[in-house]
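Could you build the full structure based on these sequences and the hints that come with them?
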Amino acid sequence: MKVVVADDSRVMRQIVVRTLRQAGYDWWEIEEAEDGADALGKIRASRPDFVLSDWNMPNMTGIDLLRALRAEGDETPFAFVTSEGSPQMREQAEQAGALFLIAKPFTADIFRETIDPFIG
Amino acid sequence: MTATIDWAPVLDTDPLLQISQDLFATMIDAEPGHVHHWVGSRPELVDPRYTWVDVTDEQIVRVVIGTGRETGEAITRALLALPDDAEVTDEDFMDAVGEVANVVCGNVKSLVTHPGTLTIPVVAHAAPPLGDGTVLVDACLSWRGAPLTVALWLLP
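Line order of the protein sequences matches chains A and B. Read in order, the letters of the first sequence correspond to residues 1 to 120 in the working numbering. Read in order, the letters of the second sequence correspond to residues 1001 to 1156 in the working numbering.
Derived by calculation from the structure, the hints in this document are not laboratory data. You can take every hint at face value.
Label-pair distances were calculated between CB atoms; the ranges are:
#1 A:Ala45 / B:His1036: 46 to 52 angstroms
#2 B:Glu1070 / A:Asp109: 30 to 36 angstroms
#3 B:Pro1043 / A:Arg70: 48 to 54 angstroms
#4 A:Gly41 / B:Gly1145: 42 to 48 angstroms
#5 B:Val1122 / A:Asp116: 34 to 40 angstroms
#6 A:Gln22 / B:Thr1056: 30 to 36 angstroms
#7 A:Gly97 / B:Pro1129: 37 to 43 angstroms
#8 A:Ile110 / B:Asp1006: 22 to 28 angstroms
#9 A:Gln22 / B:His1034: 17 to 23 angstroms
#10 A:Trp27 / B:Gly1040: 48 to 54 angstroms
#11 B:Gly1145 / A:Pro87: 34 to 40 angstroms
A virtual CB, placed ideally from N, CA and C, is assigned to each residue, including glycine.
So this is what it looks like as structure tokens:
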């Protein structure tokens, strides 16, 4: 299973990938992207099975990335890992077509409980 | 027209303490119990570094976190799962402590349902000027015995 993890923080990308491994997704083939624009190019090129993205990023935000994908007919399963987890953000994410939103800080248990019903 | 924001949930140091405790327990210490209110007079930060993130809108909310360089390096090593004696580059330091501010600010924004957008974290040797702003909360916390300041500002 190919997965793109997008976050402008290299530290946070490393934490997300490490937490995914701890949550049991150690068989995922993960490609990292450093912002939304980078992720868009990599998604177009590698056609991943799942995208896990930060929201606030330079060049292209996570929500703009999701909207850009859906606008071009790309229905790749997409979810957010972001520091903002307000009901408004969750609603906005859902309306744009995201499967779920995980708020930072997170644990491997939270990843497993949230991701498994959709991707497991 | 100025947006109406309910500041009540954060007008106490406890919400910032709670957010900080959750962040450190889950992503830095892998266990709870290492972040508390600082007891006693507020200490000077040794070789200080400050990191801040704004929520921009008609009212700007700024979360400012202050720590000593050595403490920031320990936080960076923990976030990156590096050994205790690993050298910490400036790039990793700024990225890691910036993410701490980013997570705290995002959680504050969620508490007060501020309609604005988070900025990219800034890291510097000095705190930014407060100017005509107002300090809503100014907490001094202890992480494993080292001081960590967490402040919430409202800027015009």
